[in-house]
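Residue numbers (my numbering), protein chains in the order written: chain A, 1 to 430; chain B, 1001 to 1334.
Quick caveat, the hints were computed from the structure, so don't treat them as lab data.
Remember, predicted model here, so these are calculated numbers, not experimental data.
All clues given are correct.
Derived list of chain A stretches under chain B, where covered just means 3 residues or more per stretch with a C-beta under 8 Å from a C-beta of chain B: (1) 177-185; (2) 188-197; (3) 402-416.
Here's a subset of chain A near chain B, in silico, CB distances under 8 Å, partners left out: (4) 167; (5) 202; (6) 205; (7) 228; (8) 397; (9) 398.
Don't be surprised by glycine CBs; every beta carbon is placed ideally from N, CA and C.
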Amino acid sequence: MAPPDKSNLPPLKLHVPEPKFRPGDKADFSELEIPAAGATPRPDEAGAPDGMRDLAYGLVRVLDDDHDAVGPWDPRLSDEQLLQILRTMALTRAFDERMFRAQRQGKTSFYMKCTGEEATSVAAAFALDREDMCFPSYRQQGILFARGYPMIEMMNQIFSNSGDKLKGRQLPIMYCSKDDGFFTISGNLATQYPQAVGWAMASAAKGDTRIAAAWTGEGSTAEGDFHSAATFAAVYNAPVILNIVNNQWAISSFSGFAGGERTTFAARAVGYGIAGLRVDGNDPLAVYAATQWAANRARLNAGPTIIEHFTYRSEAHSTSDDPSGYRSAQEREEWPLGDPINRLKQHCIKKGIWDEERHAEQDKELAESVRATGKEAEKLGVLGHGMHQPFRTMFEDVFEEMPWHLKEQAEMAISERKEKFPKGLPRGND
Amino acid sequence: MNMIQAINSALDCAMTADPDVVIMGEDVGYFGGVFRATAGLQEKHGKTRCFDTPISECGIIGVAVGMAAYGMRPVPEIQFADYIYPGLDQIISEAARMRYRSAGEFTSSMTIRSPFGGGIFGGQTHSQSPEAIFAHVSGLKTVIPSTPYDAKGLLIAAIEDNDPVVFFEPKRIYNGPFDGYYDRPVKPWSKHPASEVPEDHYRIPLGTAKVVRKGSDLTILAYGTMVHVALGVVEEHGIDAEVIDLRSIVPVDIDTIEASVKKTGRCMIVHEATRTAGFGAELSALVQERCFYHLEAPIERVTGFDTPYPHSLEWGYFPGPVRIGNALDRIMKD
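If we strip away everything but chain A, and leave its shape as in the complex, we get (with noise of 0.2 Å):
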């Protein structure tokens, strides 16, 4: 063909991508295609990653919209798993509600929720081995709470209290738990992503069977560290699980922003040569099954798996934020995929062994323990209360050994406090 006349040609136009509905907007999935629980086949785990490309474009769904688990991916949870996931995932919840609270009340600075894509963190750690490294973002609690991390050591973070173990230093919600395979969590977006991949691959040259997972958001997956984790994990066929949290939203801007309007998230995965698949987020079961059938893959050396887990981010991104300036109301009611909690309640109920009654039964349970936690993690402090870690801890840590500028540093600072209260320092405080 000829190249075209340039003089016949309209201009170039720039394509700066609109989430579908905004503010005041009445909010319609209705275009979404949602395949049918049951529908997608599940290869055999040590499979080549080019036979599993449609997975990569279609939705792993087990429970159906009668509540029933269906199809080839049903993991087949007996009755005691399917209400621990359950109870792991409404105390998530019950313990974000809490700590939203906390941080309106002036308890503490910040606090970010994870409603809505609870079983992203909850049903997939139930899916890994205890001693297996998570590298999560900071949306991924759930983590701990399946991990039976003492709930009160997450809230001593938050409140950054003279009990929190990472002594005041880091802002809330970056937990930290090396006994419970949680990886520090950073500030800085995806950084954690080829982390993960280097874990997996000490992992696999020290001949070791434990596998790494990390959990990134779609926004954080347009960051330089989510292509070389990608690539690195491939090259090596590191023995590592890449989540990617396709809540929709990046704070305010849409999954647009991070290339989703031409492609899925887990289609990222075909260029790499990297097995993709892509779930259903809102259904725990369906999430259980990829996280299990990506370990296996793993721990059999036939490589890692990139899973997009397919979900709504149901509340604001952070304390900070107010998603009435950006997005329809409506979204979270019309979200198609429902929500995990509830789908993973009916399902129960259907299955004869759970009941509404029961079910509010443990709401209130957990919220009380949830409240009471609380109290016991105030007694140590709340923000700018004065019950903090000892002011010298600022300077210990930089180093394994303070170098002389820190120790000239510390003893300046101590000296100010002695300055500042003459008579005497607070209660808690050296």
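With chain A held as given, fit chain B onto it using these hints.
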């Protein structure tokens, strides 16, 4: 040994001593590195101990952070310091803060090796000296050797250190000390006493400077290539200068600096890096604060200019004998 051989020997010793030491980077594996620093290591220690990586500095450092979190002791190589910038987020936000933000639960015991500095017609992207960027980051140690003996001892100490270390290797002096006279034949290390390098494992503590020339007229603070350039100028001018090779710029050996300047009363700082907010500014401030009443002349900084590193005009940029000599004249006149 020349400096490359000393570095290769250090890596070999560290890998032999600790099975968790792993080397990774672009071209470091089978080929042995573009400067030959890792030659033979893959063959000797295996592909999982010394391996090639994709061309991705953020990936190399990010993966190394994860390996260190697992408990290994990675030694990633960045082929040129000029190309370390894609890895900066992982170095600054992650490796340097890991111990602090996790209250010691996770650490980043790693040594990032990278050839740096000019004087080789490397142009803009094979000549830079970005040490000040790293010196400014809490939680990082920055080390720069100037001889084969120091390179081996410092590199082993850096690898065995439990903090992240940026280890800059002055590539101009890989093969021999350089006095700044680019138009004279290159001297090989074999004629220099510091080329006597033990085959065995030894360490030089980080954070310790070395007085390479004792003197009473003034103190010259330098590191890397500039140690040799400064020494040459001092001999030519017949000035009894005390020349200190800092070796570590963070933590810097303040006691050695302070004692020397209080003795001589004059201080000159020499580095290749650009002037504004270079590490010389920090050194100058430290000396001014601690030795103010002993100073008999303003502190001189002899540095590269505040321009990108030029190709054809390299010897007009490089802080060579003329610029250092003029500064010596000024500081000794006061």
